[in-house]
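Taken in sequence, the protein lines are chains A and B. First residue of the first sequence? That's 259 in the working numbering, and the numbers climb one at a time after it. First residue of the second sequence? That's -13 in the working numbering, and the numbers climb one at a time after it.
Keep in mind the hints are simulated off the structure, nothing from the lab. Using N, Cα and C, we set each Cβ at its ideal position, and we do this for glycine too. Keep in mind that a hint or two might mislead.
[To be verified] Covered stretches of chain B (chain A as the covering partner; in silico rule of three or more C-beta atoms under 8 Å from a C-beta of chain A): (1) -8 to 5; (2) 282 to 296; (3) 359 to 366.
[What the hints assert, rightly or not] Mimicking DSS-like on lysine-lysine, the simulated pairs with C-alpha atoms at most 30 Å apart in a straight line are: (4) B:224 <-> B:94; (5) B:286 <-> A:277; (6) A:392 <-> A:445; (7) B:105 <-> B:48; (8) B:94 <-> B:105; (9) B:286 <-> A:336; (10) A:394 <-> B:1; (11) A:336 <-> B:-12; (12) A:321 <-> B:286; (13) A:374 <-> B:286; (14) B:-12 <-> A:394; (15) B:-12 <-> A:392; (16) A:374 <-> B:-12; (17) A:336 <-> A:374; (18) B:3 <-> B:286; (19) B:105 <-> B:191; (20) B:187 <-> B:121; (21) B:105 <-> B:157; (22) B:74 <-> B:94; (23) B:-12 <-> B:286; (24) B:191 <-> B:149; (25) B:94 <-> B:191; (26) B:74 <-> B:48; (27) A:277 <-> A:321; (28) A:394 <-> B:3; (29) A:394 <-> A:374; (30) A:336 <-> A:321; (31) A:321 <-> A:282; (32) B:149 <-> B:94; (33) B:1 <-> A:392; (34) B:105 <-> B:224.
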Amino acid sequence: MSYIIADGVRKEFGEGDAKVVAVKRIDMTIEQGQFIAIMGESGAGKSTLLSLLGGLLSPTLGKILIGGVDIYSLNRDKLADFRREYIGFIFQSFQLVPYLSVVENVQLPLAVTHHKESAKLALAVGALERVGLKDKAFRLPNQISGGEQERVAIARAIVNEPPMLFADEPTGNLDSRNSAEVMNLLKRLNSEGQTIVMVTHSNHNALYADCIVHIADGEIGDWQAQKSAEPWKTAVM
Amino acid sequence: MKLHNIAMNNLRRRKGKVVLLVMGLVVGVAAVVALVATITALEQDVAHKMDEFGANILITPKSESLAMTYGGLNLGGLAFDLKEISQKDLDKIRNIPNAANIRTVSPKIFGVLESGQIKSLVAGVDFDAETSLKKWWKVDGALPEYEDEILAGAEAARRFALKKGSPTRIKGETFHVSGVLESTGSQDDDLLFIAIPVAQKLFNKQGMVGMVEIAALCHNCPIADIVAQISAAIPSAKVTAVQQVVQGRIDTLQNFRRFSLAVAGLVLLVGCMVVFVTMMASVNERTREIGIFSAIGFRKSHIMRIILLEAALVSLVAGIIGYATGMGGARLLVSFLTDHTSHWSMDPYLAAGSIVLAVLLGLLASFYPALAASRMEPSEALRTF
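Please model the entire structure based on the sequences and the hints provided.
Right, dumping it as structure tokens:
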């Protein structure tokens, strides 16, 4: 079932001589429950594509349909509501709020919902449990390691159980051991039914995905479906 | 976890910035409070001092008058149908609605002393009321205490060759000079003063008064209303406000207020700028964080609420500290500027006003930074996507 559809999407920045075409034309379809890895050289337009797909950056041309909804036809507030309900973001460099504790960071997407406080806390603790960080719930981000911070970011992305996760270089700042832990976690979430779109430079991380999309000069160069190489088994070993 | 938790945690974590923001507002609020409290104290002091300058309401018997001219010659005026003022009427003055504003009621009665070729006006007065009204009186000797004592104006003493202890006769009665007034430059210099009951008896005007001078405390007092109320209470009397004195007082007080408003406006503007610049810098520093909020689904109004909530909390604290600091400053300032010794206590209106002002100022100055934050594109704010 087609879940995310990019239809003739183009993105330009600037005007006149300063105009830069970050994405020339993208047409793609992502099925529900798929794990897609977007790869490409620096400046190829993969992060811009992720922003476009995730409702963070409106396209110059074309449209993005998620679950049949043309997300950029929504007004700003409705689009924010849509992101909160349907999309979990995992940012490069973790992007945790430094003055909030781990559990408060995880609760952030719930701060503007109408859940009871006790329910919010229970959901956040549950998400932390899923990423194995329940015991560090009340620490500040600077009191935990980089790998743990990335897992907190994942817990924040999944706390309200969105059907989609968008990850931009989720292991970009991690060593190989922490990278493997994070990738295994993403794979597990995918196996539980979460649709994942991930930008990565790493060929090894891309092996976790069902499909690798190569981007070059703002266009899809290659669409490579793959049988799972099960790299997590190697990582565990 | 609610939006206010985010605001509170941010303030707790960024103590340095919060202190800077609070200080900026405290200076503004404290300056305004100090100014308002000082001006209020000075107004009271000025009003008090000016009230000591003398009477500002005059009550005289009502009469019909006729200007007499003939063939271009002015033959003076003729007063007729004179309605005397009864001493009993004076009690009615103390019962008017604005009676609390009446500081002194000084009745007088007049008669003439003839000694050979020399004539002088004798005024029967209530010495307590008269000295309360005329703080500038300086007496060589003492004020009359007994019925047979007399106080002589400087010029009258010179003309009748009176000095302290001298005897003099008025309408067959012998009086002794208890004291001589130092020259005042007013009509008092030409008068001889005796106690009003003695004068009433002497001039056969028992129970009557010739005129009444009234000093009303004029700090924010409605002098025109007082005049109307006395006129209604004593219909037989003509009640006049001494316009020059009253107007002078009002003008002085208005000038004080205008000055205070101008300075307060200037200080508020500076305070506003301090808050605006600090909040704008704070928003710029938090671009990434605001990008995260936006990306994970905070609406524009949610982001604005966080920033404005922080501004309101900081402003509330600044308002309280500003009020306390301002009152302390005012107390110090007033003690230097005047010998004002009025009781200082917490003015609930000024306290509430300064806190509300601080919060409004903080919110107003933070509105644009909050709006700018809420308008940030999440992808631009994060820069990583």
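Hints versus structure:
Only residues whose beta carbon comes within less than 8 Å of a beta carbon in chain A count, and the region -8 to 5 of chain B has 6; three or more means the coverage holds. Counting residues of the region 282 to 296 of chain B whose beta carbon lies closer than 8 Å to any beta carbon of chain A gives 7, which reaches the threshold of three, so the coverage claim holds. Check result for the region 359 to 366 of chain B against chain A: holds, 3 residues qualifying (beta carbon to beta carbon below 8 Å, three or more required). Among the hinted pairs, residue 224 of chain B with residue 94 of chain B is consistent with the structure: their alpha-carbon atoms are about 15 Å apart, no more than 30 Å.
Distance restraint check for residue 286 of chain B and residue 277 of chain A: the Cα-Cα separation of roughly 29 Å lies within the 30 Å cut-off, and the hinted pair is therefore satisfied. At roughly 20 Å between alpha-carbon atoms, residue 392 of chain A and residue 445 of chain A fall within 30 Å of each other, so this suggested pair holds. This hinted pair checks out: residue 105 of chain B and residue 48 of chain B have alpha carbons roughly 27 Å apart, not beyond 30 Å. In summary, the hint linking residue 94 of chain B to residue 105 of chain B is supported, as the alpha carbons are separated by about 19 Å, within the 30 Å threshold.
Between residue 286 of chain B and residue 336 of chain A the CA atoms are separated by roughly 11 Å; this keeps the pair inside 30 Å, and the hint holds. Of the pairs offered as hints, the one joining residue 394 of chain A and residue 1 of chain B holds, with about 25 Å between alpha carbons and a cut-off of 30 Å not exceeded. Between residue 336 of chain A and residue -12 of chain B the CA atoms are separated by roughly 20 Å; this keeps the pair inside 30 Å, and the hint holds. Taking the CA atoms of residue 321 of chain A and residue 286 of chain B, the gap is about 23 Å. The hint holds against a cut of 30 Å.
Restraint check: the Cα-Cα separation between residue 374 of chain A and residue 286 of chain B comes to about 23 Å, which is no more than 30 Å; the hinted pair holds. Using a Cα cut-off of 30 Å, the hinted pair residue -12 of chain B and residue 394 of chain A holds, with the two alpha carbons roughly 21 Å apart. A distance of roughly 21 Å separates the Cα atoms of residue -12 of chain B and residue 392 of chain A; the hinted pair therefore holds under the 30 Å criterion. A distance of roughly 10 Å separates the Cα atoms of residue 374 of chain A and residue -12 of chain B; the hinted pair therefore holds under the 30 Å criterion.
Proposed proximity of residue 336 of chain A and residue 374 of chain A is supported: the alpha carbons are some 23 Å apart, at most 30 Å. For the suggested pair residue 3 of chain B and residue 286 of chain B, the alpha carbons sit about 24 Å apart, so the restraint of at most 30 Å is met. For the hint linking residue 105 of chain B to residue 191 of chain B, the alpha-carbon distance of about 20 Å falls within 30 Å, and the restraint holds. Pair hint residue 187 of chain B plus residue 121 of chain B holds up; C-alpha atoms about 28 Å apart against a cutoff of 30 Å.
About 12 Å separates the Cα atoms of residue 105 of chain B and residue 157 of chain B, which keeps this hinted pair within 30 Å; it holds. In summary, the hint linking residue 74 of chain B to residue 94 of chain B is supported, as the alpha carbons are separated by about 14 Å, within the 30 Å threshold. As the CA atoms of residue -12 of chain B and residue 286 of chain B are separated by approximately 16 Å, the hinted pair is consistent with the 30 Å bound. For the given pair, residue 191 of chain B sits about 28 Å from residue 149 of chain B by alpha-carbon distance, which is consistent with the 30 Å threshold.
With a C-alpha separation of about 11 Å, the suggested pairing of residue 94 of chain B with residue 191 of chain B holds against the 30 Å cut-off. Straight-line distance between C-alpha atoms of residue 74 of chain B and residue 48 of chain B comes to about 16 Å, which keeps the hinted pair within the 30 Å bound. Taking the CA atoms of residue 277 of chain A and residue 321 of chain A, the gap is about 21 Å. The hint holds against a cut of 30 Å. Proximity of residue 394 of chain A to residue 3 of chain B is assessed by CA-CA distance (about 28 Å); at most 30 Å being required, the pair is judged to hold.
For a cut-off of 30 Å, the pair hint linking residue 394 of chain A to residue 374 of chain A stands: about 23 Å separates their Cα positions. Pair hint residue 336 of chain A plus residue 321 of chain A holds up; C-alpha atoms about 16 Å apart against a cutoff of 30 Å. A C-alpha spacing of about 13 Å is found between residue 321 of chain A and residue 282 of chain A, which places the hinted pair at or below 30 Å, so the restraint holds. With a C-alpha separation of about 24 Å, the suggested pairing of residue 149 of chain B with residue 94 of chain B holds against the 30 Å cut-off.
For the given pair, residue 1 of chain B sits about 29 Å from residue 392 of chain A by alpha-carbon distance, which is consistent with the 30 Å threshold. For the hint linking residue 105 of chain B to residue 224 of chain B, the alpha-carbon distance of about 28 Å falls within 30 Å, and the restraint holds.
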